[in-house]
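Please take these sequences and the hints and turn them into a complete structure.
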Amino acid sequence: MRTNLMLSAVGAFVLLAAGAVLLPDWAMFLCAMALAKGLVSLGIVGMMRGGLVSFGQGLYYCLGAYTATLVAGQLGVSDIFLLTLLSAGVCLVVGALFGPLLAGYRGIFFAMLSLALSMVLYGTLAKLTVLGGTDGLNIGAPTFFGWDPEGRALQTALYLYVAVLVVVAGTLMRIYFDSEQGLITLATRDNELRVEYLGASVRTVMSYNYVFGAVLGGIGGTIAALALGHVDPEFAFWTTSGEFVFVAILAGYLSVPAVFVAAIILEMVRSFSNLYFPNTWQLALGIFLLIVIVVLPNGLGSLVRRRKGDAT
Amino acid sequence: MDLAATILVDGLIYAGWLFIVSVGLTLVFGVLNILNIAHGSLYAIGAYAAASMVGAYFAWGGDAFPYGSYVAMIVAALLVALVLGPLLERGLLRFFYGRDEVLNVLVTYAVFLILEDVMKLIWGVNPYFVYEPYTLLGDVEMGPLFYVGYDFAVIAAAIIVGLAVWLSLNRTRMGKVVLAVIHDSEMSQTMGVNVQRIYLGAFMAGAFLAALGGALTAPMISVTPGLGVNVIIVAFAVVIIGGLGSIPGAAIGALMVGISRAASVHMLPEAELFIIYFVMAIVLLFRPEGLFAKTQARKI
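In the order they appear, the protein sequences are chains V and B. Here the first sequence stands for residues 4 to 315, numbered as in the working numbering. Here the second sequence stands for residues 4 to 303, numbered as in the working numbering.
Please note that the accuracy of each hint is not assured.
Stated by the list, open to error - With a cut-off of at most 20 Å between alpha-carbon atoms, the simulated SDA-like pairs for lysine to any residue come out as follows: (1) B:K123 - V:S276; (2) V:K130 - B:H269; (3) B:K123 - B:N233; (4) B:K123 - V:N282; (5) B:K123 - B:S225; (6) B:K123 - V:F275; (7) B:K179 - B:G165.
These are computed hints drawn from the structure, not numbers from a lab.
Below you can see the structure in the form of structure tokens.
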């Protein structure tokens, strides 16, 4: 199992790294953004395995992005590793505060409460002129341990950095999904009360899932901020969170790589329909989502044949 | 006039509007068990339809009797319900009854995305202005302040809508059948109720209320794309505060949100945008299913 996992992780990284050589600039940027958003959606997938869908991951996406921007702008830190670490830390703290609180809610109430929290952040940021209000803030290009690349080198470095994060986060989440806690999450999806009767605490497990989702959201937000060079309150708006849910639904809860494939598909569909039918890309997206829900209720992940011994 | 009274009046005006846009949402959830994100689109379409209808009314010589524009607005909302109600319910939503609630939210989210662009295709991206109905009722003087008469008409409309919904649910035969379906649709079906028709009727009523909300709002604002995006989330907050599916809950929720927003506008303007969600979060902390939610047994 573990060797297989390590092999797939290395394989995934080689595949992604190949992109750094092969992809043209625009596609590399698109993939970097897609992978960053995929990280956020991976957090939702972690919760979805337990039957919960957060409609407010924009909260952590935005929190991470603003943390990185403020630290970079106010303290002059430009090191990407430090920025990621700090954003993840802030999201960890906030997630740990809200996690146990939200873990008691189910279904639509969980979705709406998480949405409300992200909208609180949106409302605050939009009104705070110190933080740029609705215009947002700019963030400079990152450095990598003192190395200060420009142009294509910067793009490539950023892309490779996301690729590493994706592979590491994906591997860690897979290990977590297959751990005792992860399997309890899956059991909760089927029948929560039964899990409680067997002596496991659903609330604890859900809190963990939530906190992991928060950290992943923060990391994704940091990368997105650095790739775009700009953050604004829209990061926390509910339609942004809706896109993360979209990716999670498209991917399904069965497979980790499917999340990133789904994220890239969404970003492609969006870019191309933006280019060719600028006024109807939401229409295309909506129809696409309906088709996925009807044809692939368990997402892209269900297309991959499950290996023996994996959790179903 | 002192601050408290100003807040109260502003709050009531906002609450009236909130109630109209959210009561349909809670009704649809109560009967169909679907939290309809596309409610926001229906609202926006109602606003566009009303703008077009009122525009057409005045273009065809409505100046002789300007009050007819109110009829035009209501007709617009009815048309939206009659066209889109059956289309969405029969054409799409009925295939998802009994599925997971959150999945259904996503289905309606997809509809929302689709309708956003359909609106752009039909009405274009330029704003529409129909100010005539707004100025028609004159101003109301309250102490040193002037309020637009139309705003009070919205409160009146909210009260009429609330009473109409409550009476038709509790005092008519059809309403009792609807309540029976809400309580237990399978049992109602075995008793001979045409549940399909009730679902369709409830959805159309919800669509009408959404479109009516939009139609009544159209004269107050410039009707532009993206109108439904903000409305739906505010309506969600109201409905969740009151308890999903509860009509009195929607009224209380609308009052709470309306007055707290008015208070925030006057006393702490920075908080205006998030006060709504803040109130919702506080209510959910103490009443996890909203104020008026039915208690439900957990299934093992």
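To see whether the hints hold, each was checked on the structure:
{"no.": "1", "hint": "B:K123 - V:S276", "result": "holds (15 Å)"}
{"no.": "2", "hint": "V:K130 - B:H269", "result": "holds (15 Å)"}
{"no.": "3", "hint": "B:K123 - B:N233", "result": "holds (17 Å)"}
{"no.": "4", "hint": "B:K123 - V:N282", "result": "holds (7 Å)"}
{"no.": "5", "hint": "B:K123 - B:S225", "result": "holds (15 Å)"}
{"no.": "6", "hint": "B:K123 - V:F275", "result": "holds (19 Å)"}
{"no.": "7", "hint": "B:K179 - B:G165", "result": "holds (17 Å)"}
Every hint from the earlier list agrees with this structure, and none is contradicted.
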